[in-house]
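Using the numbering used here, the letters of the sequence shown map in sequence onto residues 103 to 346.
Just so you know, the hints here were simulated from the structure itself, not pulled from any lab data.
Careful, some of the hints might be misleading.
What the hints assert, rightly or not - Restraint ranges, calculated between C-beta atoms of paired labels, are given here:
1) E292 - D196: 42 to 48 Å
2) D196 - G154: 15 to 21 Å
3) Q298 - W181: 34 to 40 Å
4) W181 - E207: 30 to 36 Å
5) G225 - P340: 22 to 28 Å
6) Q120 - G295: 30 to 36 Å
7) E322 - T193: 20 to 26 Å
8) T121 - Q325: 38 to 44 Å
9) V260 - V323: 18 to 24 Å
10) Q298 - S189: 19 to 25 Å
11) N224 - R199: 32 to 38 Å
12) F184 - M317: 33 to 39 Å
Yeah, the Cβ is synthetic: ideal placement off N, Cα and C, and Gly gets one too.
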Amino acid sequence: MKKIIIMLSICASLFAQQTITWNRMHKPKVGKRDAFIRAVSDKTKKYNSKEGTAVIRTYQVINGPNVGSFVRGGLPGSWEQFDNPPSNRQTGRDYWRKNVMPYVEEAGAQKTWEVLTEVSYNGTGKNGPPKLYKVRYYHLKPGTSMFGLAGKIKEALVATKSEVRIGWYKLESGGDRSTWAVGTAHDTFESLGDDQTWRVAYEQHHGKGSLKEFMKEFGEVVQSNPHARFAENYRYRPDMSSPE
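Model the full assembly from the supplied sequences, consistent with the hints where possible.
What follows is the structure in structure tokens.
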């Protein structure tokens, strides 16, 4: 019985240490994009701009099949955030249904992500929302993980003091749980287009030929189908986001 209690305590501790975030994609109706933007901006000002209310960040998808859609998400935190929501959450939801949803063509499922803080890296000194965000999504084979590979990338970035910002995420609920994502933050399109810093740092730190071995291991964990790898770029919309 003691062993069972100890194991349950360890599991509870690990669960409590998770850092969680969420997001949801909305596609405006044709011809209603401007009305949607105004409605979201008004809702955010009313319900997500004061102290004690939920901070929401909004990004516009600027390429790929979801271009023109908008992604809304919360800040990383513990699971407790869902147990103790802001007091105005329900009134905010009611406002959204009445004033925003009439302009929405399609609302995606809310997705909950674990933020893998141990392998994420920020060498820029910036913590606010980036102007541009490139997100790469991968579907992994059963029983595999990217944690070790991500750790090697972080090790290289730390060793070379690279001025980049990379976040790793694993889907917890709301979709295919084989999904992992890695996001890179950028201030300019020039930076976004030349998104190779980690590769240079990896080869520099781990030695010549190490990147080739990395890509081999990478190919062994990612599913081998056309839909297993996907990337899209986001542009931050401060007018539709909470002030920070």
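Consistency of beta-carbon spacing, M317 to F184, with hint 33 to 39 Å: Since F184 and M317 have Cβ atoms about 38 Å apart, the given range 33 to 39 Å holds.
Verdict for E322, T193 (Cβ pair) under range 20 to 26 Å: The hinted range 20 to 26 Å is violated for E322 and T193, with Cβ atoms some 50 Å apart.
CB-CB spacing for E207 and W181 relative to the 30 to 36 Å hint: holds (32 Å)
CB-CB spacing for G295 and Q120 relative to the 30 to 36 Å hint: holds (34 Å)
CB-CB spacing for W181 and Q298 relative to the 34 to 40 Å hint: holds (36 Å)
Q325 and T121 - C-beta distance against the hinted 38 to 44 Å: violated (26 Å)
P340 and G225 - C-beta distance against the hinted 22 to 28 Å: holds (24 Å)
Assessment of proposed distance window 19 to 25 Å (beta carbons of Q298, S189): violated (46 Å)
Outcome of range test on Cβ distance (N224, R199; 32 to 38 Å): About 36 Å separates the Cβ atoms of N224 and R199, which means 32 to 38 Å holds.
G154 and D196 - C-beta distance against the hinted 15 to 21 Å: About 19 Å separates the Cβ atoms of D196 and G154, which means 15 to 21 Å holds.
E292 versus D196 beta-carbon gap, inside 42 to 48 Å or not: holds (43 Å)
Satisfaction of the hinted span 18 to 24 Å by the C-beta atoms belonging to V260 and V323: holds (23 Å)
Of the numbered hints stated above, those contradicted by the structure are hints 7, 8 and 10, listed in ascending order.
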